[in-house]
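Novice: Residue numbers (the numbering used here), protein chains in the order written: chain A, 1 to 197; chain B, 1 to 123.
The hints are simulated quantities; they were obtained by calculation from the structure and are not laboratory data. Note that the Cβ used here is the ideal one computed from N, Cα and C, for glycine as well. Each hint should be verified, as a subset may be incorrect.
Derived pair list, reagent style EDC-like, types lysine to aspartate or glutamate, alpha-carbon separation capped at 20 Å [unchecked claim]:
hint : chain 1 : residue 1 : chain 2 : residue 2
1    : B       : K81       : B       : E43
2    : A       : K92       : B       : E19
3    : A       : K168      : B       : D83
4    : A       : K92       : B       : E23
5    : B       : K81       : B       : E19
6    : B       : K20       : B       : D83
7    : A       : K121      : A       : E31
8    : A       : K168      : B       : E19
9    : A       : K56       : B       : E23
10   : A       : K91       : B       : E19
11   : B       : K88       : A       : E31
12   : A       : K21       : B       : D83
So, partial list: chain A residues that the calculated Cβ filter (under 7 Å) puts toward chain B [what the hints assert, rightly or not]:
hint : residue
13   : L76
14   : T143
15   : I147
16   : V149
17   : I150
18   : I189
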Amino acid sequence: MAHAEAHALHPATNTGIDNRKLAIWTFIGSECLFFASLISTYLVYKGKSLVGPFPKDIFEIELVTAGTALLLFSSLFVVLSLNATEQGNRKKALLWLGATILCGVFFVGMQVYEFTHFVHKGLTLQGNLFGASFFTLTGFHGTHVTIGVIWLGTMFIEMLRGHVPPAKALNLEIAALYWHFVDVVWIVIFPVVYLMN
Amino acid sequence: MDHSQAAGELAAHEHHFPEKAGEYVRIGIILFVLTALEVGGYEVAHRAHGSALAAPWFVPVILTLSALKFALVALYYMHLKWDGRFLKGIFSFSLFVAAIVILALMALFMYHYAFNATLPKVV
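From just these sequences and the hints, can you work out the full model?
Specialist: The structure is reproduced here in structure tokens:
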């Protein structure tokens, strides 16, 4: 795509904001409501289970803290990757993006391990209110993380092929915005679900 | 190539991206420290009272730390600090409605449980 063409096609949005960026922010806005409904469902059913297992019987704070740290680091890594992309430093951008994906994969792995462990201890989706609300909330978050890993993975391949120059940094910024949102949702879930039990 | 994509590339091309890596790392360290404080607070409250929730200071402290982390990621990593008021407005409005949803549902269910508790038990 020649820049002459881009100049000829003057930005014509009413807001002055790129349509794709506006779309991802609107999507993030709708996701806030989605996760608000899941978090409130967890909160209203908190402590209402008649049969176990209960949160205090099964939570392993150390494991989840490690997962939380990984997700926080991944947010730092992806923003460093975006910064390197904007500076035209492809090698650094690839390195940080690879680290982000790795953190995301480890987080999903942690969650799969945790879910398997809980099921072995008798906590299931249909076993009690805690199980139903816990698996729904954290399962949907885990699905979002998985989608984010796939999205960032495609960005990594695009970057490897040299298709993400500084002029196209917005493509990575949009994926990064989604990733940060997944991170801020976990920032809420971690204390509400794991620490306040 | 459509007009919106071309416009986006033009905007990116014309934008002079400042070097912010140092600032991002500083925010990352603060986020890490805040998380350590959260978990440390949990451990202290848990050991002192048997249950973290039994400590009166625990919930306000944890919610404040969580809100701080949320704000730092949204402002710096999601670039809301530098983005225009329109995007800030979209996100703030969504958060406001989300908070209303959470509070309304909790109030509704608290009333529901309180009302049920007043009913005579059917044997």
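Novice: Now tell me, hint by hint, if it's right for this structure.
Specialist: Consistency of the hints with the structure:
Restraint check for K81(B) and E43(B): not satisfied, since their Cα atoms lie roughly 34 Å apart, outside the 20 Å limit. Distance restraint check for K92(A) and E19(B): the Cα-Cα separation of roughly 13 Å lies within the 20 Å cut-off, and the hinted pair is therefore satisfied. Our distance criterion of 20 Å between C-alpha atoms is met by K168(A) and D83(B), whose separation comes to about 18 Å. The suggested pairing of K92(A) with E23(B) holds, with an alpha-carbon distance near 17 Å, which does not exceed 20 Å.
Distance hint between K81(B) and E19(B) is fulfilled; the C-alpha atoms sit about 15 Å from each other, no more than 20 Å. A distance of roughly 15 Å separates the Cα atoms of K20(B) and D83(B); the hinted pair therefore holds under the 20 Å criterion. At most 20 Å may separate the alpha-carbon atoms for a hinted pair to count; K121(A) and E31(A) exceed this at roughly 31 Å. Pair hint K168(A) plus E19(B) holds up; C-alpha atoms about 17 Å apart against a cutoff of 20 Å.
A C-alpha spacing of about 39 Å is found between K56(A) and E23(B), which places the hinted pair above 20 Å, so the restraint is violated. With a C-alpha separation of about 16 Å, the suggested pair K91(A) and E19(B) falls inside the 20 Å cut-off, and the hint holds. Restraint check: the Cα-Cα separation between K88(B) and E31(A) comes to about 15 Å, which is no more than 20 Å; the hinted pair holds. Our distance criterion of 20 Å between C-alpha atoms is met by K21(A) and D83(B), whose separation comes to about 11 Å.
At about 4 Å, the closest approach between the beta carbon of L76(A) and any beta carbon in chain B falls short of 7 Å, and the interface hint on this residue holds. With a least beta-carbon distance of about 19 Å to chain B, the hint placing T143(A) at the interface is violated under the 7 Å criterion. This hint is violated: I147(A) has a C-beta 18 Å from the nearest C-beta of chain B, more than the 7 Å allowed. Given the 7 Å rule on beta carbons, the hint for V149(A) is violated: about 18 Å separates it from the nearest Cβ of chain B.
Among the interface hints, the one on I150(A) is violated; its C-beta lies about 20 Å from the nearest C-beta in chain B, farther than the 7 Å criterion. Annotation: I189(A) was flagged as interfacial toward chain B, and the flag is violated, the nearest CB pair being 10 Å apart, outside 7 Å.
When each numbered hint is compared with the structure, violations occur for hints 1, 7, 9, 14, 15, 16, 17 and 18.
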